[in-house]
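Sequence lines, in order, name chains A and B. To convert, count from 1 in the first sequence and add 15; that's this note's numbering. To convert, count from 1 in the second sequence and add 790; that's this note's numbering.
In case anyone wonders, no lab produced these hints; they're calculated from the structure. Small disclaimer: the values here were computed from a predicted structure and weren't measured. One or more of the hints may lead you astray.
Result set (DSBU-like, lysine-lysine): computed pairs, CA atoms no more than 30 Å apart in a straight line [unchecked claim]:
| # | chain 1 | residue 1 | chain 2 | residue 2 |
| --- | --- | --- | --- | --- |
| 1 | A | K116 | A | K57 |
| 2 | A | K57 | B | K804 |
| 3 | B | K847 | B | K860 |
| 4 | A | K128 | B | K873 |
| 5 | B | K847 | A | K57 |
| 6 | B | K861 | A | K116 |
| 7 | B | K847 | B | K799 |
| 8 | B | K804 | A | K128 |
| 9 | B | K860 | B | K799 |
| 10 | A | K128 | B | K861 |
| 11 | B | K799 | A | K116 |
| 12 | A | K83 | B | K873 |
| 13 | A | K16 | B | K847 |
| 14 | B | K804 | A | K16 |
| 15 | A | K57 | A | K128 |
| 16 | B | K847 | A | K83 |
| 17 | B | K860 | A | K83 |
| 18 | A | K83 | A | K16 |
| 19 | B | K860 | A | K116 |
| 20 | A | K128 | B | K847 |
| 21 | A | K83 | A | K128 |
| 22 | B | K804 | B | K873 |
| 23 | B | K847 | B | K804 |
The lines below spell out each chain.
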Amino acid sequence: KQEVTQIPAALSVPEGENLVLNCSFTDSAIYNLQWFRQDPGKGLTSLLLIQSSQREQTSGRLNASLDKSSGRSTLYIAASQPGDSATYLCAVRTTNTNAGKSTFGDGTTLTVKP
Amino acid sequence: DGGITQSPKYLFRKEGQNVTLSCEQNLNHDAMYWYRQDPGQGLRLIYYSQIVNDFQKGDIAEGYSVSREKKESFPLTVTSAQKNPTAFYLCASSTQSNTEAFFGQGTRLTVV
Numbered sequence: 016k017q018e019v020t021q022i023p024a025a026l027s028v029p030e031g032e033n034l035v036l037n038c039s040f041t042d043s044a045i046y047n048l049q050w051f052r053q054d055p056g057k058g059l060t061s062l063l064l065i066q067s068s069q070r071e072q073t074s075g076r077l078n079a080s081l082d083k084s085s086g087r088s089t090l091y092i093a094a095s096q097p098g099d100s101a102t103y104l105c106a107v108r109t110t111n112t113n114a115g116k117s118t119f120g121d122g123t124t125l126t127v128k129p
Numbered sequence: 791d792g793g794i795t796q797s798p799k800y801l802f803r804k805e806g807q808n809v810t811l812s813c814e815q816n817l818n819h820d821a822m823y824w825y826r827q828d829p830g831q832g833l834r835l836i837y838y839s840q841i842v843n844d845f846q847k848g849d850i851a852e853g854y855s856v857s858r859e860k861k862e863s864f865p866l867t868v869t870s871a872q873k874n875p876t877a878f879y880l881c882a883s884s885t886q887s888n889t890e891a892f893f894g895q896g897t898r899l900t901v902v
């Protein structure tokens, strides 16, 4: 059974700092990994999707990497801003089907202080 | 605008009552999903559907039921058999070829 862990559970940094969020998974036979952002009381917003054949994806100040062999993914946020404050979730899909189930981590809650 | 719409945003239920949460998408996605999120935790899959008139149980289906009569709609009923229904419910969808999942804004259900 796939298990996804995100450490730390919470992170507080000053504005402008670069930071890394971690996601680890136990079964390396994944199809893809997706990073989401969730604001309090809101739904999930997709940030980056990495297919199993890819090593990284970039969007603006965000860069996500994937190392299947070690069961890890990182989300790098450059030059953090107060607006980046949110909970960041990673989700791992382990089957190559349209309805392949995704396993979610519990998230890392990020606070960027002005 | 294309997207997923969940309604209502807040829902209150008395013990012993069934309630139905709505999820509608105009993205022409084949697959739709229902997740439950408890405070400080990740998402757990309740039910999912690959095509119209077909759906499968997820990890925590007990006390829930769904239907998929139309491609755009995937309503979730929380029955009185669900012992701890207070939670945040999220609906998602994805396509056949692109497995990126898109989420609605959620429904917060509270039992009073």
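Could you tell me which of the hints above the structure violates, numbers in ascending order? 4, 8, 10, 12, 14, 17, 20 and 21
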